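Undergrad: Chains F and E, in that order, are what the protein sequence lines are.
Using the numbering used here, the letters of the first sequence correspond one by one to residues 1 to 255.
Using the numbering used here, the letters of the second sequence correspond one by one to residues 1 to 517.
It is possible that part of the hints are untrue.
[Claimed, not checked] Label pairs and their calculated CB-CB ranges: (1) GLY131(E) x GLU68(F): 23 to 33 Å; (2) THR195(E) x ASP30(F): 47 to 57 Å; (3) ALA98(F) x THR265(E): 44 to 54 Å; (4) LEU238(F) x GLY131(E): 55 to 65 Å; (5) ASN189(E) x LEU212(F): 36 to 46 Å; (6) SER395(E) x LEU232(F): 42 to 52 Å; (7) THR195(E) x GLU153(F): 31 to 41 Å; (8) GLU68(F) x SER185(E): 52 to 62 Å; (9) THR265(E) x GLU32(F): 37 to 47 Å; (10) LEU191(F) x PRO459(E): 18 to 28 Å; (11) ASN62(F) x SER240(E): 26 to 36 Å; (12) LEU191(F) x LYS473(E): 50 to 60 Å; (13) LEU232(F) x GLY470(E): 53 to 63 Å; (14) ASN189(E) x GLU223(F): 34 to 44 Å.
[What the hints assert, rightly or not] Here are the simulated DSBU-like cross-link-like pairs (lysine-lysine), alpha carbons at most 30 Å apart as the crow flies: (15) LYS316(E) x LYS36(F); (16) LYS232(E) x LYS59(F); (17) LYS177(E) x LYS71(F); (18) LYS331(E) x LYS473(E); (19) LYS177(E) x LYS167(E); (20) LYS101(F) x LYS473(E); (21) LYS263(E) x LYS36(F); (22) LYS400(E) x LYS101(F); (23) LYS36(F) x LYS232(E); (24) LYS244(E) x LYS451(E); (25) LYS36(F) x LYS473(E); (26) LYS36(F) x LYS400(E); (27) LYS128(E) x LYS59(F); (28) LYS316(E) x LYS400(E); (29) LYS36(F) x LYS167(E); (30) LYS87(E) x LYS71(F); (31) LYS376(E) x LYS473(E); (32) LYS128(F) x LYS156(F); (33) LYS244(E) x LYS59(F); (34) LYS452(E) x LYS36(F); (35) LYS59(F) x LYS452(E).
[Claimed, not checked] For the chain E half of the interface with chain F, some residues (derived, Cβ under 7 Å), not all of them: (36) SER82; (37) PRO84; (38) VAL378; (39) SER382; (40) MET385.
Bear in mind the hints are in silico, worked out from the structure with no lab data behind them.
Treat the numbers as computed from the prediction; the structure is a model and nothing was measured.
The C-beta atom is built at its ideal place from N, Cα and C for all residues, glycine as well.
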Amino acid sequence: SSSTGGFQRASSLKDLELAKFASIAETWWDFEGPFKPLHVMNPTRLAFIRSTLCRHFDKDPNSARPFEGLKIVDVGCGGGILSEPLARMGATVTGVDAVEKNIKIARIHADLDPVTSTIEYYCTTAEKLVEEDRKFDAVIALEVIEHVANPAEFCKSLAALTVPDGATIISTINRSMRSYATAIVAAEYLLHWLPKGTHEWSSFLTPEELVLILQRANITVREMAGFVYSPLTGRWSLSDDIRVNFIVFGTKNCQ
Amino acid sequence: MQLTMFCTRVIARKLYVNVSRLKVRHKHFCTDAATRVSGSNCGQPSPEHKETHDLSNNIQHYDIAIVGGGMVGMALACSLASMPLTKHLNVAIIDSNPALGSRPYFNKEDPPDPRVSTVTPATISFFKDVGAWQYIEQHRHAYFDKMQVWDYTGLGYTRYNAQDINKEVLGCVVENKVLHGSLLSCIENTDFQKTIYPSKLSSMTLPPSPSSLGMDSTSSRPPLSSQRHLAKLELSDGNSLYTKLVVGADGGKSRVRELAGFKTTGWNYSQNAIICTVEHTVENGCAWQRFLPAGPIALLPMGDNFSNIVWTMNPKESTNRKLMNEDEFVKDVNNALDYGYGPHPTSSLFGSGEMFSWPRAGVTLSANDCFEVPPKVVKLASERMVFPLSLRHASDYVSKHVVLIGDAAHTVHPLAGQGVNMGFGDAFALSRVIAEGIAVGSDIGEVTVLKKYEAERKPANIMMMGILDGFQKAYSVDFGPLNILRAAALHGAHFISPLKRSIISYASGEQKLPLFT
Numbered sequence: 001s002s003s004t005g006g007f008q009r010a011s012s013l014k015d016l017e018l019a020k021f022a023s024i025a026e027t028w029w030d031f032e033g034p035f036k037p038l039h040v041m042n043p044t045r046l047a048f049i050r051s052t053l054c055r056h057f058d059k060d061p062n063s064a065r066p067f068e069g070l071k072i073v074d075v076g077c078g079g080g081i082l083s084e085p086l087a088r089m090g091a092t093v094t095g096v097d098a099v100e101k102n103i104k105i106a107r108i109h110a111d112l113d114p115v116t117s118t119i120e121y122y123c124t125t126a127e128k129l130v131e132e133d134r135k136f137d138a139v140i141a142l143e144v145i146e147h148v149a150n151p152a153e154f155c156k157s158l159a160a161l162t163v164p165d166g167a168t169i170i171s172t173i174n175r176s177m178r179s180y181a182t183a184i185v186a187a188e189y190l191l192h193w194l195p196k197g198t199h200e201w202s203s204f205l206t207p208e209e210l211v212l213i214l215q216r217a218n219i220t221v222r223e224m225a226g227f228v229y230s231p232l233t234g235r236w237s238l239s240d241d242i243r244v245n246f247i248v249f250g251t252k253n254c255q
Numbered sequence: 001m002q003l004t005m006f007c008t009r010v011i012a013r014k015l016y017v018n019v020s021r022l023k024v025r026h027k028h029f030c031t032d033a034a035t036r037v038s039g040s041n042c043g044q045p046s047p048e049h050k051e052t053h054d055l056s057n058n059i060q061h062y063d064i065a066i067v068g069g070g071m072v073g074m075a076l077a078c079s080l081a082s083m084p085l086t087k088h089l090n091v092a093i094i095d096s097n098p099a100l101g102s103r104p105y106f107n108k109e110d111p112p113d114p115r116v117s118t119v120t121p122a123t124i125s126f127f128k129d130v131g132a133w134q135y136i137e138q139h140r141h142a143y144f145d146k147m148q149v150w151d152y153t154g155l156g157y158t159r160y161n162a163q164d165i166n167k168e169v170l171g172c173v174v175e176n177k178v179l180h181g182s183l184l185s186c187i188e189n190t191d192f193q194k195t196i197y198p199s200k201l202s203s204m205t206l207p208p209s210p211s212s213l214g215m216d217s218t219s220s221r222p223p224l225s226s227q228r229h230l231a232k233l234e235l236s237d238g239n240s241l242y243t244k245l246v247v248g249a250d251g252g253k254s255r256v257r258e259l260a261g262f263k264t265t266g267w268n269y270s271q272n273a274i275i276c277t278v279e280h281t282v283e284n285g286c287a288w289q290r291f292l293p294a295g296p297i298a299l300l301p302m303g304d305n306f307s308n309i310v311w312t313m314n315p316k317e318s319t320n321r322k323l324m325n326e327d328e329f330v331k332d333v334n335n336a337l338d339y340g341y342g343p344h345p346t347s348s349l350f351g352s353g354e355m356f357s358w359p360r361a362g363v364t365l366s367a368n369d370c371f372e373v374p375p376k377v378v379k380l381a382s383e384r385m386v387f388p389l390s391l392r393h394a395s396d397y398v399s400k401h402v403v404l405i406g407d408a409a410h411t412v413h414p415l416a417g418q419g420v421n422m423g424f425g426d427a428f429a430l431s432r433v434i435a436e437g438i439a440v441g442s443d444i445g446e447v448t449v450l451k452k453y454e455a456e457r458k459p460a461n462i463m464m465m466g467i468l469d470g471f472q473k474a475y476s477v478d479f480g481p482l483n484i485l486r487a488a489a490l491h492g493a494h495f496i497s498p499l500k501r502s503i504i505s506y507a508s509g510e511q512k513l514p515l516f517t
């Protein structure tokens with residue numbers, strides 16, 4: 001498979017190259033570094049994913065590895081922040097990202113632990129995976145759709161990757177006044193959580209729009225939740241407030 | 001040129017061989033991961049034990065290594081064994097105590113061991129949750145529902161009753177070996193994968209932090225091996241092991257704390273404590289504590305006609321009292337509990353509390369109790385042990401891959417019987433935090449997960465330590481006006497009912513903060 005081939009390519013690199021990627025990899029994975037906001041939000045996203053997928057696939061929520069036997073694809077995986085916990089929860093994980101650098105970083109970090117070294121990473125897009133006729137029990141694309149050129153086509157690709165009655169989970173930022181104030185002004189300009197220009201407010205989707213384009217892609221949204229950040233505790237929590245960050249869980253209609 | 005070409009070909013071949021060996025290693029880990037998965041998934045232990053082996057030197061891998069198999073370390077192990085999310089974890093326990101290897105057995109005819117702990121109701125409910133309390137009820141233990149605190153000045157006293165807060169007990173006094181035995185036997189009854197290493201920790205190697213990684217290609221750092229995210233422990237008997245998380249449960253002189261470089265603050269109290277078991281002619285049903293000029297003496301019920309004595313005094317006196325003959329010692333104890341050093345308190349100093357009892361409704365039951373003299377000691381029933389007392393607190397409880405619990409994180413004065421209860425609180429909080437981390441697929445050695453434990457326990461422990469230290473200091477000065485202030489405070493604590501209820505609830509572990517509900 002191309003993952004072992006990829007690993008072989010990585011391992012035939014000289015030690016210097018490996019060391020270079022290693023130092024960048026640690027920045028991605030430095031919990032106090034520039035990716036801190038994402039690390040802080042991660043457990044909350046995983047709580048939603050765990051809860052919805054356990055219920056949908058009828059898995060034991062008290063098991064330490066409830067996703068055993070599930071094939072999951074993490075679209076826009078970055079350094080593997082989501083992929084690794086999914087693998088620890090027992091899933092067979094494929095991670096894809098359009099940025100070659102991210103895939104290299106993700107592979108290096110995942111190889112440190114035997115449990116996560118089973119993750120297959122590819123530098124590719126959802127559309128290309130569709131062309132390869134790949135299918136997954138659960139397709140997860142978190143914080144990606146606000147960056148794609150054509151969200152409707154993107155959703156159609158995600159749906160094509162999902163098996164009938166499989167799960168599709170998308171998270172993004174709402175297009176609202178509140179999100180302009182928090183996700184753009186506060187996050188990018190005041191708190192410097194994200195580099196300026198990370199997000200284009202006009203390309204945010206409202207929950208209604210997302211539900212509609214998913215419906216057109218044959219995916220029925222079953223659950224939706226918001227993420228809320230408390231500056232007092234410094235923690236994110238799931239809530240009904242979808243005014244800024246929100247996440248949807250949908251299932252692919254059976255034809 | 002011929003030679004260079006030959007060399008290049010040799011090097012190329014060597015590289016190819018290395019690459020394929022790496023490839024093999026990668027596949028090996030995949031298979032190993034699969035075996036591990038299937039092994040831990042089927043619930044019953046399979047013949048090949050599930051640890052992954054390092055190819056080169058056959059070192060065992062664990063999820064958690066608990067250094068220190070005492071009461072607090074075993075409480076953690078027991079708690080992990082009792083929760084579905086954590087009971088599959090592979091745990092190593094490192095303690096050179098031979099008692100850990102065998103099933104505990106106590107001769108019920110033995111008099112009580114002087115090493116006892118007073119467990120609060122909060123601790124009792126933790127034990128019940130993990131299924132370790134039943135064992136204790138089958139062995140010697142003593143619930144008590146009354147407490148009396150007074151001092152040598154005779155200016156005041158206070159009596160507490162569990163009924164003041166509508167509870168049945170204030171606490172339970174149990175020998176440490178019974179508490180420990182209960183936790184051990186609780187774990188034995190599960191199929192929790194634990195491996196006991198009867199040895200001591202000699203050194204610990206932690207993975208490098210991100211900032212220490214450079215692009216220094218001249219360093220002879222081995223290429224990214226899979227052990228780079230694990231801590232390595234070396235033991236005094238030559239064994240080594242790798243683990244994701246090291247738990248320091250190894251007591252006040254923690255080696256883990258020392259090796260991990262945690263700073264501590266604290267001071268030694270210029271006091272020692274003598275502990276021993278004594279016998280009465282009647283059963284003792286109350287916990288007594290009298291503050292004397294050199295330190296408090298506590299008499300705790302132990303069941304049957306036995307009581308435990310914890311007597312704090314300056315080091316010179318403690319040496320004398322340990323060596324003096326038994327009859328003299330018994331006389332000294334009775335003196336200390338009775339008329340020695342000062343008169344009995346009467347309640348008439350501030351007019352029998354009338355000025356404090358104006359909120360008529362909700363007056364505590366014990367506010368009307370009279371002062372009582374503790375039961376007389378007739379016999380010494382064990383050897384006398386002496387311990388130096390100190391206060392110590394680690395500035396941090398966690399760092400990457402390392403966490404401290406129990407006395408390793410904090411040591412306190414025994415004057416309120418809180419020490420091991422704080423430790424149990426740590427153990428049960430940590431196991432819950434680990435379970436929550438596993439629920440979302442986290443790496444349990446990661447600091448962000450562990451910090452949740454610290455955020456929960458450190459403020460609570462510091463508050464308790466501050467209060468205990470405050471008491472210790474307040475009671476170590478014999479100075480007229482201060483004595484009266486103390487007595488007034490004691491009086492207030494006795495007669496002002498809401499305050500008394502707060503105090504009892506806090507000391508029972510039910511309330512997080514002493515005064516504000």
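Undergrad: Now tell me if each hint is right for this structure.
TA: Verification of the supplied hints:
1. GLY131(E) x GLU68(F): 23 to 33 Å: holds (28 Å)
2. THR195(E) x ASP30(F): 47 to 57 Å: Given range 47 to 57 Å: violated, Cβ gap about 33 Å.
3. ALA98(F) x THR265(E): 44 to 54 Å: Distance hint for ALA98(F), THR265(E) holds at roughly 51 Å.
4. LEU238(F) x GLY131(E): 55 to 65 Å: Violated - the Cβ-Cβ distance for LEU238(F) and GLY131(E), about 32 Å, lies outside 55 to 65 Å.
5. ASN189(E) x LEU212(F): 36 to 46 Å: Check failed, 56 Å falls outside 36 to 46 Å.
6. SER395(E) x LEU232(F): 42 to 52 Å: violated (24 Å)
7. THR195(E) x GLU153(F): 31 to 41 Å: Violated - the Cβ-Cβ distance for THR195(E) and GLU153(F), about 54 Å, lies outside 31 to 41 Å.
8. GLU68(F) x SER185(E): 52 to 62 Å: violated (32 Å)
9. THR265(E) x GLU32(F): 37 to 47 Å: violated (25 Å)
10. LEU191(F) x PRO459(E): 18 to 28 Å: holds (26 Å)
11. ASN62(F) x SER240(E): 26 to 36 Å: holds (34 Å)
12. LEU191(F) x LYS473(E): 50 to 60 Å: Since LEU191(F) and LYS473(E) have Cβ atoms about 44 Å apart, the given range 50 to 60 Å is violated.
13. LEU232(F) x GLY470(E): 53 to 63 Å: Taking Cβ atoms as reference, LEU232(F) and GLY470(E) lie about 29 Å apart, which means the hint is violated.
14. ASN189(E) x GLU223(F): 34 to 44 Å: holds (40 Å)
15. LYS316(E) x LYS36(F): Not OK: LYS316(E) and LYS36(F) at ~55 Å, beyond 30 Å, violated.
16. LYS232(E) x LYS59(F): Violated, because 35 Å separates the two Cα atoms, which is more than 30 Å.
17. LYS177(E) x LYS71(F): violated (50 Å)
18. LYS331(E) x LYS473(E): Roughly 28 Å between the alpha carbons, so the hint for LYS331(E) and LYS473(E) holds.
19. LYS177(E) x LYS167(E): holds (27 Å)
20. LYS101(F) x LYS473(E): violated (60 Å)
21. LYS263(E) x LYS36(F): Holds, at about 26 Å.
22. LYS400(E) x LYS101(F): holds (26 Å)
23. LYS36(F) x LYS232(E): Roughly 27 Å separates the two Cα atoms, so the pair holds.
24. LYS244(E) x LYS451(E): holds (16 Å)
25. LYS36(F) x LYS473(E): With Cα atoms ~44 Å apart, LYS36(F) and LYS473(E) exceed 30 Å; violated.
26. LYS36(F) x LYS400(E): Given that 30 Å is the threshold and the Cα spacing comes to 16 Å, the pair holds.
27. LYS128(E) x LYS59(F): Holds - the C-alpha atoms of LYS59(F) and LYS128(E) are around 29 Å apart, at most 30 Å.
28. LYS316(E) x LYS400(E): At roughly 43 Å apart (the allowed maximum being 30 Å), LYS400(E) and LYS316(E) break the hint.
29. LYS36(F) x LYS167(E): violated (46 Å)
30. LYS87(E) x LYS71(F): holds (25 Å)
31. LYS376(E) x LYS473(E): Since the Cα atoms of LYS376(E) and LYS473(E) sit roughly 29 Å apart, the hinted pair holds (cutoff 30 Å).
32. LYS128(F) x LYS156(F): Distance of about 13 Å is within 30 Å: holds.
33. LYS244(E) x LYS59(F): holds (27 Å)
34. LYS452(E) x LYS36(F): holds (16 Å)
35. LYS59(F) x LYS452(E): Cα-Cα ~27 Å, so holds.
36. SER82: Hint on SER82(E): violated, closest Cβ of chain F at ~12 Å, above 7 Å.
37. PRO84: holds (4 Å)
38. VAL378: violated (54 Å)
39. SER382: Violated - the Cβ of SER382(E) stays beyond 7 Å from chain F, reaching only about 45 Å at its closest.
40. MET385: Result: violated, 43 Å to nearest chain F Cβ.
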